[in-house]
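Protein chains in written order, with my numbering: chain A, 1 to 288; chain B, 1 to 368.
Simulated from the structure, these hints should not be mistaken for lab results.
We put the CB at the ideal spot given by N, CA and C, even for glycine.
Please note that a few of the clues may not be correct.
[As the list claims (entries may be wrong)] Taking beta-carbon pairs under 10 Å as the criterion, some of the chain A residues facing chain B (in silico):
1) 27
2) 75
3) 98
4) 104
5) 113
6) 140
7) 152
8) 181
9) 183
10) 209
11) 210
12) 244
13) 253
14) 278
[Unchecked claim] Simulated coverage check for chain A against chain B, where a stretch passes if three residues somewhere in it have a Cβ under 8 Å from a Cβ of chain B:
15) 129-139
16) 154-160
17) 213-222
18) 228-240
[Claimed, not checked] Listed below are the simulated DSS-like cross-link pairs for lysine-lysine, each with C-alpha atoms no more than 30 Å apart in a straight line:
19) 34/A with 306/B
20) 2/B with 29/B
21) 132/A with 113/A
22) 243/A with 280/B
23) 243/A with 289/B
24) 200/B with 243/A
25) 106/B with 197/A
26) 292/B with 275/A
27) 30/A with 306/B
28) 131/B with 243/A
29) 132/A with 306/B
30) 223/A with 131/B
31) 264/A with 359/B
32) 200/B with 131/B
33) 268/A with 263/B
34) 280/B with 30/A
35) 106/B with 223/A
36) 91/A with 106/B
37) 344/B with 275/A
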Amino acid sequence: MSIYVNEKNKVVVQGATGHQGVFHIGEMKKFGTKVVAGVTPGKAGQDVQGVPIFNNVMDAVDETGANTTLILVPARFAKDAVFEALDAGIKTVVTITENIPFHDAMDFVHYAKYNNAILIGPNSPGIASPGKSKIGILPGSIFLEGEVGVASRSGTLTYEIVNSLKEKGIGQSTCVGLGGDPIIGTTFIDALDAFEKDKATKAVVLVGEIGGTAEEDAAEHIKEHITKPVFAFIAGRTAPPGKRMGHAGAIIARGKGTAESKIKAFEKADVKLAKFPTDIADLVEKYS
Amino acid sequence: MKLFEYRGKELFEKYGILVPNGRLVENKKDISGLSFPCVLKAQVPIGGRGKAGGIKSANDVKDAEKKLSQILGMDIKGFKVNKVLAEEKVDIKKELYLSITLDRTKRMSLIMASGQGGMDIESVPDELIFKEWINPLIGIQSFHLRGIISRLKLDKEDGKAVAQIISKIYNLFREYDCELVEINPLIISINKEVIALDSKFIINDDAMFRHADIIPEMVELTHLEKDAKEKGIAFIQLDGNIGVIANGAGLTMATLDALTHYKGNGGVFLDLGGTDDPEKVKQAFELMKKAKPKVIFLNLFGGITKCDTVAKGVKSVISKEGIDCPVITRIKGMNEDIAKDILKDAGLITATTLQDAAKRSSDIAGGR
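Okay, chain A solo, but in the shape it has when bound (with noise of 0.2 Å):
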């Protein structure tokens, strides 16, 4: 089993003419995702590396049933293209596309939740599931099937963490990046009660950093309700109050936000914690 995406998920790409959308394709193709369909606005009747392009997402859900969305449309039409998804009656949104402004995405978080739908990011690298289906930009060659749940606010931090993993012979049941805004869909809580629940998996790996309180709030939810060995890397120790540190969630605000108040938060859920971001693949041979 796995977490959010399995096999079961048809693809459509929202933003599949671009230069990321033609690439990424052919990325998730080879990994064994389904991709059916991709929307481009005005450009129905091409196809990319084999896929069909439609107008808008209707027309792609009539007509290969495409169940889930990748966002990889420009910030200013994001919002958009998230609810014209949602209208078209897709339950999985995953949302690459960064630097959409906070009050969009806030609006299109609270619509999936009102269609009872996943969204994931945004500005997340998107999620896989290894030996099923990979749904972003992530790259398929750290990944391994496996019994380790990993849940992430960043990208590239997350594919060093998941690649030790996979040289030390520890494959992953789902990889998630949650994304590296302050408003996101899905959340360290989701994730870890979808981990919870998910009989692949034995253990959880989250990756956090400075800013916002979901670490904190994470840490409590472990203490009542999630009895699997839980693993955490949090960056930005040393970053300095009121500077936003590459992801725009990523900033210290009026105190809060601080990466020792999560390390303090994990110690006390009983949360083992990496010095490094490769410790954390000792951490999980060590302990589960």
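Once you have looked at the hints, place chain B on chain A.
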């Protein structure tokens, strides 16, 4: 983007929210015709200006001239005062606190109000701050307003007036893509008018494309940071002397943390992002050189980005333009072996692990 107080107040006026009569003063000549007593307020992008002497009362023209000359040019926490907002004094009956922010956990707009206005909100006990969360799907409704007003214990007339203001500020918060609107204090005057005595605004940078009327004028970035922003490179100057170039914000932060573990100090955070474009790599190194670090630490993980393409870019910059400090590299991922050979060939130090590279960088920077 933060707004100066006077810019924020212009937005308040646009939304029908009262502010004191006042004007922006940049030199002594601008004072003539002001009504007294008045308050002179330094326009700086940082809190605590009152304690720093940036807010003064004046009783007449002479007094105002004297105090203006004290405030103009003053340095408040590193910001030079070039503009002063001169406002007529208002007779206050009651001071309130009001703010709207984005709640990251609930992913809703959060209205906070308190009867303890005019104080630092951090020092107000939680039970005296009244909160309402607004789901964007329904927007602000009467019950939200009643919830706040009843707890503020205002009389009927004042309550109605304050509710109207909260509603207007919520609309402003949404329509201008704000991360924060704060009024401290929001006052009720003895004439029963509700007036915003202060304004704090942060507008979401990513939404600036739809707010052409907001002119960026607050200098919060260093010269190099500005330069980097124009080139689309995430570049932050820090206190230390080691320049970090990595790909991805999380990995760049983790690299800075690793340096601290070995008693090194990061001086630059430079996130290359998902690019291996030689032109971007070149620009990144040029920016980094201008920041004059003692050591450059290049930490790359190649997933989609191929390590060897980045390495080629690095080699070409260094061979063409030279570099006057040691460069420690740690490369992992797609085509890492080819990349290491290219970097060695360019005369750079190649380390095998993050720990090894962080230690060597820290030792060199610290003269060890």
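Going down the list of hints, with the structure as the test:
1. 27: holds, 8 Å
2. 75: Check passed: Cβ of residue 75/A comes within 6 Å of chain B, closer than 10 Å.
3. 98: holds, 9 Å
4. 104: holds, 8 Å
5. 113: Result: holds, 9 Å to nearest chain B Cβ.
6. 140: holds, 9 Å
7. 152: Residue 152/A check passes; min Cβ-Cβ to chain B is 8 Å, inside 10 Å.
8. 181: Cβ of residue 181/A sits 9 Å from chain B, so the hint holds.
9. 183: At 5 Å from the nearest chain B Cβ, residue 183/A passes the 10 Å test, so the hint holds.
10. 209: holds, 6 Å
11. 210: The hint holds - residue 210/A has a Cβ within 10 Å of chain B, the shortest such distance being about 7 Å.
12. 244: holds, 8 Å
13. 253: Cβ of residue 253/A sits 9 Å from chain B, so the hint holds.
14. 278: It holds, given that the least Cβ distance between residue 278/A and chain B is near 6 Å, below 10 Å.
15. 129-139: Coverage by chain B holds here, the residue count being 3 at a Cβ distance below 8 Å.
16. 154-160: The restraint on the segment 154-160 of chain A holds, since 7 of its residues have a Cβ under 8 Å from chain B and three suffice.
17. 213-222: holds (count 3)
18. 228-240: It holds: at least three residues are needed, and the segment 228-240 of chain A offers 7 whose Cβ sits within less than 8 Å of chain B.
19. 34/A with 306/B: It holds: about 25 Å lies between the C-alpha atoms, which stays within 30 Å.
20. 2/B with 29/B: The given pair, whose Cα atoms are some 28 Å apart, holds under the 30 Å limit.
21. 132/A with 113/A: Holds. Residue 132/A to residue 113/A sits at ~25 Å (cutoff 30 Å).
22. 243/A with 280/B: holds, 23 Å
23. 243/A with 289/B: holds, 22 Å
24. 200/B with 243/A: Distance ~18 Å between residue 200/B and residue 243/A Cα, so the pair holds.
25. 106/B with 197/A: holds, 23 Å
26. 292/B with 275/A: holds, 29 Å
27. 30/A with 306/B: This hinted pair holds, its Cα atoms lying about 18 Å apart.
28. 131/B with 243/A: Answer holds: residue 131/B to residue 243/A is near 27 Å, not above 30 Å.
29. 132/A with 306/B: holds, 25 Å
30. 223/A with 131/B: The hint holds at about 27 Å.
31. 264/A with 359/B: Holds, because 26 Å separates the two Cα atoms, which is no more than 30 Å.
32. 200/B with 131/B: holds, 19 Å
33. 268/A with 263/B: holds, 27 Å
34. 280/B with 30/A: Distance of about 29 Å is within 30 Å: holds.
35. 106/B with 223/A: Given that 30 Å is the threshold and the Cα spacing comes to 20 Å, the pair holds.
36. 91/A with 106/B: holds, 21 Å
37. 344/B with 275/A: holds, 29 Å
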